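Novice: As a plain string of letters, each chain reads:
There are 2 protein chains.
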Amino acid sequence: MNNDEPTSNGGLIRLRLDISYDGEFFNGWAKQEKLRTVQGELERIFGFIFFAETPLTCAGRTDSGVHARGQVAHMDVPENKWREIEAQGLYRLNRALAEDVRVLAVQVADKDFDARFSALARTYSYRIADGAVGPLPLNRKSVLSWPDRLNDVAMAQASDLLLGEHDFTGFCRRREFATTIRTIQSFTWERTTEYLCATVTADAFCHSMVRSLMGALTAVGEGRKPIEWPASMLNATERASDVPVLPPHGLTLEHVRYPSQAELAARAADTKKRRQRPDYRESVHGSH
Amino acid sequence: MNNDEPTSNGGLIRLRLDISYDGEFFNGWAKQEKLRTVQGELERIFGFIFFAETPLTCAGRTDSGVHARGQVAHMDVPENKWREIEAQGLYRLNRALAEDVRVLAVQVADKDFDARFSALARTYSYRIADGAVGPLPLNRKSVLSWPDRLNDVAMAQASDLLLGEHDFTGFCRRREFATTIRTIQSFTWERTTEYLCATVTADAFCHSMVRSLMGALTAVGEGRKPIEWPASMLNATERASDVPVLPPHGLTLEHVRYPSQAELAARAADTKKRRQRPDYRESVHGSH
Chain G
1 MNNDEPTSNG GLIRLRLDIS YDGEFFNGWA KQEKLRTVQG ELERIFGFIF FAETPLTCAG
61 RTDSGVHARG QVAHMDVPEN KWREIEAQGL YRLNRALAED VRVLAVQVAD KDFDARFSAL
121 ARTYSYRIAD GAVGPLPLNR KSVLSWPDRL NDVAMAQASD LLLGEHDFTG FCRRREFATT
181 IRTIQSFTWE RTTEYLCATV TADAFCHSMV RSLMGALTAV GEGRKPIEWP ASMLNATERA
241 SDVPVLPPHG LTLEHVRYPS QAELAARAAD TKKRRQRPDY RESVHGSH
Chain D
1 MNNDEPTSNG GLIRLRLDIS YDGEFFNGWA KQEKLRTVQG ELERIFGFIF FAETPLTCAG
61 RTDSGVHARG QVAHMDVPEN KWREIEAQGL YRLNRALAED VRVLAVQVAD KDFDARFSAL
121 ARTYSYRIAD GAVGPLPLNR KSVLSWPDRL NDVAMAQASD LLLGEHDFTG FCRRREFATT
181 IRTIQSFTWE RTTEYLCATV TADAFCHSMV RSLMGALTAV GEGRKPIEWP ASMLNATERA
241 SDVPVLPPHG LTLEHVRYPS QAELAARAAD TKKRRQRPDY RESVHGSH
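As you go down the protein sequences, you meet chains G and D in turn. Numbering follows the working numbering, in which position 158 of the first sequence is assigned residue number 158; successive positions increment by one, without gaps. Numbering follows the working numbering, in which position 109 of the second sequence is assigned residue number 109; successive positions increment by one, without gaps.
If you're looking for bench data, these hints aren't it; they were derived computationally from the structure. It should be emphasised that the depicted structure is a prediction, and the values quoted were computed from it without experimental measurement. Any given hint could turn out to be false.
[Said to hold, decoys possible] Just a few of them, taken from the derived set where beta-carbon distance is under 8 Å, the chain D residues facing chain G: (1) Ser20; (2) His67; (3) Arg69; (4) Val101.
[As the list claims (entries may be wrong)] Derived DEER-like restraints, expressed as beta-carbon distance ranges: (5) G:Pro226 with D:Ala96: 31 to 39 Å; (6) D:Arg95 with G:Gly164: 39 to 47 Å; (7) G:Arg92 with D:Glu222: 44 to 52 Å; (8) D:Phe51 with G:Arg92: 57 to 65 Å; (9) G:Glu222 with D:Ala105: 20 to 28 Å; (10) G:Arg92 with D:Glu263: 50 to 58 Å.
[Said to hold, decoys possible] With the Cβ distance kept under 7 Å, some of the chain D side facing chain G (calculated, not the full set): (11) Tyr21; (12) Asp22; (13) Leu90; (14) Tyr91; (15) Glu99; (16) Asp100; (17) Arg102; (18) Leu104; (19) Gly134; (20) Leu136; (21) Pro137; (22) Leu138; (23) Ser142.
The beta carbon of each residue, even a glycine, is placed where N, CA and C say it ideally should be.
With the rest of the complex left out, here is chain G (with noise of 0.2 Å):
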């Protein structure tokens, strides 16, 4: 945190939160009436140690089921509150929440820091134990069984067609008026002794996409379906109806990458540079 630029914002202060849980008895991220989820239930121990509505904004909206080892979450706090907690905060925050959830780290960020505008990339992971043994019985809610083995050559072949910016509307829960163009960056293959693991990373993945696309990928792993098949279905115009969507607790929400604090505040020092200047409104609202 750099000393010299303020952080607060009328009495606010900005808090990054890094969290894991595990999504078994989660109905997802995001706030439900009458059902438990991860930002229900972090809003309701931050209210009760802030004594203030605190919406929370986070990089991975996961569904139900999905588990996160390195989801990232911002809120704005009153500044004096946080203050007088921080030394025990993470240590009360964690023994007000359930053991299925937990704040890995807690700190105060820049008041550019937005953890779901600011995320420059979301990594995913997805494990498969194929074969007659199935994964280990202390992974078992993490890992999908998959009774026969699987082609994972032809499976690694058929994520590199995937690769680069396409419309993945083939591959994603229609919603209206948003976009369905994604960049997928990476997509790697592991096979450990126990388990497959797919590694995918996007600037963003749209609804139920990277579950989608394990669902396609696994047909060619089956020899079902042809290597190029999952790739023959990009800038299709509706969603694939014979492209399941695999069970959510194989799926992980690993790590979000965003610019560095240095960037982060450059591109801020930048951003108010530019606000100074006279021809500001021109240059961005263009001409009256």
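Please arrange chain D on chain G, whose structure you already have, making use of the hints.
Specialist: Relative to chain G, chain D alone:
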């Protein structure tokens, strides 16, 4: 498997099973009337598959709540029944078992292989997430949560003093007529970003020994006891009353070490040779 050697014995064949389980919903390994146990579950399934009562012998009789990644057991089954299902054996066993116990491998073993008595060493791990955060939610069933930071350097020094052959009566639940002399072969500590992991290998362990050792060592890690304290209880004549037994869920049986197949065979051949010598009775049982 050496095809020159008969592996069946009166129509029976010896199987070696490598087994993993999540101990949470088991009342330990050992069969008990009306309780769910690992041995009870496995023997029931094997009885169902082989139409035979098949007592199972394991390397480490874990307590209620203790996990295993590398448990080993043996059993004798009718050779003809095994040959019938061999190709699908692993798949059928695991399909019949609940997801919290898995047979990782099943193979025909040398008739001299004994899961308990052939074992050269057992390795257990104990995991403790010490600090404000606690275990990652997906690992919370196998990692103990400890609210304060432990001094792992002091704990490692205290562990070093436990190496070698000692009478561990001070750390064991006493059993009549059973020796409590054991040899600790290695005792290491590793700190990951998430937890502290102790890994301890001995020829064998007596009842609740690892959890008692961990109780003594965490007292050192907290600074409540000096580094020499755990070793001062070696060769005691009764159980130390001020050693807490840590909870079972942090404990996992990781690995059992056996002589190689060649060593087992050599030992068996050696035994056979001695039995064929005319002076065998004298040399083994002494003079009459």
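Novice: Run every hint past the structure and note whether it holds.
Specialist: Verification of the hints:
Because the beta carbon of serine 20 (chain D) sits about 5 Å from the nearest beta carbon in chain G, less than 8 Å, this interface hint is met. Of the supplied interface hints, the one on histidine 67 (chain D) holds, with its beta-carbon coming within about 6 Å of a beta-carbon of chain G, less than 8 Å. Checking arginine 69 (chain D) against chain G: minimum C-beta separation of about 7 Å stays under 8 Å; hint holds. A hinted interface residue such as valine 101 (chain D) counts as satisfied when its beta carbon comes closer than 8 Å to some beta carbon of chain G; here the least separation is about 6 Å, so the hint holds.
Look at proline 226 (chain G) against alanine 96 (chain D): about 36 Å separates their beta carbons, and that is inside 31 to 39 Å. Taken as a hint, the range 39 to 47 Å holds for the pair arginine 95 (chain D) and glycine 164 (chain G), whose Cβ atoms sit roughly 41 Å apart. Between arginine 92 (chain G) and glutamate 222 (chain D) the CB atoms are about 21 Å apart, so this pair departs from the stated range of 44 to 52 Å. Checked against the hint of 57 to 65 Å, the pair phenylalanine 51 (chain D) and arginine 92 (chain G) passes, with Cβ atoms roughly 59 Å apart.
Our hint of 20 to 28 Å for glutamate 222 (chain G) and alanine 105 (chain D) holds, since their Cβ atoms are close to 24 Å apart. The hinted window of 50 to 58 Å between arginine 92 (chain G) and glutamate 263 (chain D) holds, with their beta carbons roughly 56 Å apart. Interface restraint check for tyrosine 21 (chain D): the shortest CB-CB distance to chain G comes to about 5 Å, inside 7 Å, so the restraint holds. Annotation: aspartate 22 (chain D) was flagged as interfacial toward chain G, and the flag holds, the nearest CB pair being 4 Å apart, inside 7 Å.
The beta carbon of leucine 90 (chain D) is positioned within 7 Å of a beta carbon in chain G (closest approach about 4 Å), and the interface hint is therefore held. Hint status for tyrosine 91 (chain D) relative to chain G: holds, with the closest Cβ pair at about 4 Å, below 7 Å. Residue-level restraint check for glutamate 99 (chain D) holds (minimum Cβ-Cβ distance to chain G is 5 Å; threshold 7 Å). Against a cut-off of 7 Å between C-beta atoms, the interface hint on aspartate 100 (chain D) holds, since the closest Cβ of chain G lies about 5 Å away.
Annotation: interface hint on arginine 102 (chain D) holds; nearest CB of chain G at approximately 6 Å, less than 7 Å. For leucine 104 (chain D), the suggested interface contact is upheld, since its CB lies about 6 Å from the closest CB of chain G, less than 7 Å. A cut of 7 Å between beta carbons decides the hint on glycine 134 (chain D): the least distance to chain G is about 6 Å, and the hint holds. The beta carbon of leucine 136 (chain D) comes within 5 Å of a beta carbon in chain G, closer than 7 Å, and the hint placing it at the interface holds.
Interface restraint check: proline 137 (chain D) against chain G, minimum CB-CB distance 4 Å, threshold 7 Å, status holds. Proximity of leucine 138 (chain D) to chain G holds as hinted, the smallest CB-CB distance being about 5 Å (cut-off 7 Å). Nearest Cβ of chain G to the Cβ of serine 142 (chain D): about 5 Å, under the 7 Å cut. The hint holds.
Violated hints amount to a single one, hint 7; each of the other numbered hints is respected by the structure.
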